[in-house]
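Student: My request is simple: use the sequences and hints to build the entire structure.
Chains as they are written, first to last, in the working numbering: chain A, 1 to 77; chain B, 1001 to 1265.
None of these hints come from the bench; they were simulated from the model.
Hints are supplied without guarantee of correctness; some may be wrong.
Straight-line alpha carbon distances no greater than 25 Å define the calculated SDA-like cross-link-like pairs of lysine to any residue that follow [stated by the list, open to error]: (1) B:Lys-1122 with A:Ser-70; (2) B:Lys-1122 with A:Gln-67; (3) A:Lys-38 with A:Pro-74; (4) B:Lys-1122 with A:Tyr-31.
Chain by chain, the residues run as shown.
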Amino acid sequence: MAEIELKTAPADFRFPTTNQTRHCFTRYIEYHRCVAAKGDEVGDCQKFAKYYRSLCPGEWVEKWNEQRESGTFPGPL
Amino acid sequence: MIESQRHSYHLVDPSPWPISGSLGALATTVGGVMYMHPFQGGATLLSLGLIFILYTMFVWWRDVLRESTLEGHHTKAVQLGPRYGSILFIVSEVMFLFAFFWASSHSSLAPTVEIGGIWPPKGIGVLDPWEIPFLNTPILPSSGAAVTWAHHAILAGKEKRAVYALVATVSLALVSTGFQGMEYYQAPPTISDSIYGSTFFLATGFHGFHVIIGTLFLIICGIRQYLGQMTKEHHVGFEAAAWYWHFVDVVRLFPFVSIYWWGGI
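Tutor: Here it is as structure tokens:
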């Protein structure tokens, strides 16, 4: 049985409180800004993707993806 | 009359205005609720109630003026009532506006993820604070200076000059209200544009409403001064109007800094 490595997003000192909503949102925005700046072929942006996928509830990610597609996403992408 | 009473207080004659004011308030509140829910006749009842309240204010205060200026009931002791009452009323207004500024700060200092974590929210056409808001910001304090000029004129017994000063005060106020109305008409955001619109229009709107009330109060003072109803020792109504006016113009500075200037960056 191989060792399965379990990791999650590191603790970010910008978000010290229990409510990590902003942490999830910030990582989501950082990933998409990284992709917009560098393109998603380069692997640099994948670490942000892993962080937001660990932190954010699936429903939020789906909702934000739909908003981005329809142009109504309110965040600073 | 007052010479035959052996105390310096004013025992008011029976009056129908308190009950008529209460009935007006009842009509306004019930009509308001009916208007905002799907009931017939809400708008009518609301407007009737508001008209009734305005009428009650007019006749009640007309009676106060009759009792004081014409019948002479307002001794120094009696004057303390309206004096302290005005101060307490202004304090209550400060608390009212404080609530709206708190709401504005609550929403703008830590914007939620639902509006993108940024302020102003994306897509809001923020007004340039250095255009009309900046123009209005010196106009109101200048009219505050004019009301102080008027006060000094009254204290010095220069009655005509006091009338001119009050005319200046009111004109400046009307100009600034006109500009503000124009700005509201042209502003891209509306009150339903997310929490930005709600907080912006409620805070600036209530301030504007208070400016209009203050202007009306000052107009009445101007008329009374013209008719010679104020003396240099006794002009509590004018002082109340002046205090109210200073409160309005000081308060104007807070939205300029926090909502227009800071909130737009």
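Student: Take the hints in turn and mark each one as holding or not.
Tutor: Do the hints match the structure? See the list:
| no. | hint | in the structure |
| --- | --- | --- |
| 1 | B:Lys-1122 with A:Ser-70 | holds, 15 Å |
| 2 | B:Lys-1122 with A:Gln-67 | holds, 13 Å |
| 3 | A:Lys-38 with A:Pro-74 | holds, 22 Å |
| 4 | B:Lys-1122 with A:Tyr-31 | holds, 19 Å |
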